[in-house]
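Chains as they are written, first to last, in this note's numbering: chain A, 1 to 149; chain B, 1 to 149; chain C, 1 to 82; chain D, 1 to 82.
If you are wondering where the hints come from, they were derived from the structure by calculation, not from laboratory data. Fair warning: there could be bad hints in the mix.
[Unchecked claim] Taking CB as the label site, the calculated pair distances span:
1. A:Gly11 x B:Pro141: 35 to 43 Å
2. D:Gly44 x B:His96: 32 to 40 Å
3. C:Ala68 x B:Gly38: 24 to 32 Å
4. B:Asp109 x C:Leu58: 37 to 45 Å
5. A:Pro7 x B:His35: 33 to 41 Å
6. B:Ala16 x D:Arg59: 22 to 30 Å
Backbone N, C-alpha and C define an ideal beta-carbon position, used for all residues, glycine too.
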Amino acid sequence: MYLTHDPIDVGSLAHAVHSPARGGLVIFAGQVRDHHEGRAVRRLEYSAYPAMAEAECRAIVDEAATRWPVAVALRHRLGVLEVGELAVAVAVAGAHRGEAFQACRWIIDEVKRRVPIWKRESYADGSEAWVDPTAPGGTMPAAAPESST
Amino acid sequence: MYLTHDPIDVGSLAHAVHSPARGGLVIFAGQVRDHHEGRAVRRLEYSAYPAMAEAECRAIVDEAATRWPVAVALRHRLGVLEVGELAVAVAVAGAHRGEAFQACRWIIDEVKRRVPIWKRESYADGSEAWVDPTAPGGTMPAAAPESST
Amino acid sequence: MTASISVLLFARYAELLGAERLELAASAPLTVGAVIERLRSLPGGAQLPAAPLCAVNLRQARLADIVAPGDEVALLPPLAGG
Amino acid sequence: MTASISVLLFARYAELLGAERLELAASAPLTVGAVIERLRSLPGGAQLPAAPLCAVNLRQARLADIVAPGDEVALLPPLAGG
Chain A
1 MYLTHDPIDV GSLAHAVHSP ARGGLVIFAG QVRDHHEGRA VRRLEYSAYP AMAEAECRAI
61 VDEAATRWPV AVALRHRLGV LEVGELAVAV AVAGAHRGEA FQACRWIIDE VKRRVPIWKR
121 ESYADGSEAW VDPTAPGGTM PAAAPESST
Chain B
1 MYLTHDPIDV GSLAHAVHSP ARGGLVIFAG QVRDHHEGRA VRRLEYSAYP AMAEAECRAI
61 VDEAATRWPV AVALRHRLGV LEVGELAVAV AVAGAHRGEA FQACRWIIDE VKRRVPIWKR
121 ESYADGSEAW VDPTAPGGTM PAAAPESST
Chain C
1 MTASISVLLF ARYAELLGAE RLELAASAPL TVGAVIERLR SLPGGAQLPA APLCAVNLRQ
61 ARLADIVAPG DEVALLPPLA GG
Chain D
1 MTASISVLLF ARYAELLGAE RLELAASAPL TVGAVIERLR SLPGGAQLPA APLCAVNLRQ
61 ARLADIVAPG DEVALLPPLA GG
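Looking at chain A on its own, in the form it has when it is part of the complex (with noise of 0.2 Å):
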């Protein structure tokens, strides 16, 4: 399982790769950020096409393990985050730094090319918006914010 809705827990991920053969350990992870093109961001919430999303993840892990002679953990949050909170992480481990840094590198590139994950963020003005790369600003309109009561 690569998605979870429970909090990220890095060392957990760093366990999993750990070997005394592989020196080398390199981790990503992405925390929530306060702000996104300008605006201050509150909170955001990941939604996914969840069996597609696992098995984008897991053809990705494969063929990491298939380019690189390393072992990779990744794990990739879904459901409403604050910010600060990790929203993914990459562990590598290797036993060469080089082969570690492009393998996760290469392994978070992908993910965010061809898993099929979405965002939408809540600002601290209260609006929403659904995050997306493609369109100018960044994001395109949600539906009213959950949170008007």
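Given chain A, put chains B, C and D in place with the hints provided.
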């Protein structure tokens, strides 16, 4: 202080660079491998020219901060380490993952290139040697092992 | 048993059509593009792009790909994971 | 007070000369290379390379650099940190 005789706590390094404005965290952790150039390593001992090593680490961290808009934490262990213990860790946080990856990789490469630290390995067969990347076979002979009693 | 193609909608696309899953009656194979045209004719569907990212049975697909009754077509807004 | 140059030896070089610190009597400036030649003439010093990595007062130095009494010269075996 970039050098320490105590175990390295990666979590505290991550915490030191963490901020809500920096969404991307890249960590490199180098641990003692169980082998080197085909020999079974039992433990090793790091020593340093402490004043110069501290100065070089500080220069590397400062230079990284001028090259990329990132926060950096760096720690290198000295003394006797067992297989699997962390020898060095670098944590880099930035708003963008590309910068964090580049800075982290550059820092660990510079640490290896210019910080005056040496490594004496103890092998499973009781022998010892100085790690020397410039020597054929990667090591140079050491004086009588400390463990000979 | 009614022959149909399952359509999954996510994120903004689900909001536009007010549904996360639709069953399109289909007695014969048709292209992914034809599925999208039918969705675009539904209430709220006009804001769907003409060529969104799509998947058929969990794999990315092209507009010219053929889907048959029983297949699962997913319309994927621009990805924003990581 | 005797004028001298402090020499620091580390790791394998300290083992070769059996010392981590030496004081070389020096009444006038001399080159780093000359310091190394004097060390190579000491017992165990013959195994020192003719052009080791060196530092003067904590900064990397070249064989042609001049050191004066009071300076600290360090001979650095090939680095192996990280």
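Here's how the hints hold up against the structure:
{"no.": "1", "hint": "A:Gly11 x B:Pro141: 35 to 43 Å", "verdict": "39 Å, holds"}
{"no.": "2", "hint": "D:Gly44 x B:His96: 32 to 40 Å", "verdict": "53 Å, violated"}
{"no.": "3", "hint": "C:Ala68 x B:Gly38: 24 to 32 Å", "verdict": "58 Å, violated"}
{"no.": "4", "hint": "B:Asp109 x C:Leu58: 37 to 45 Å", "verdict": "40 Å, holds"}
{"no.": "5", "hint": "A:Pro7 x B:His35: 33 to 41 Å", "verdict": "36 Å, holds"}
{"no.": "6", "hint": "B:Ala16 x D:Arg59: 22 to 30 Å", "verdict": "28 Å, holds"}
Of the hints listed earlier, those the structure fails to meet are numbers 2, 3, in rising order.
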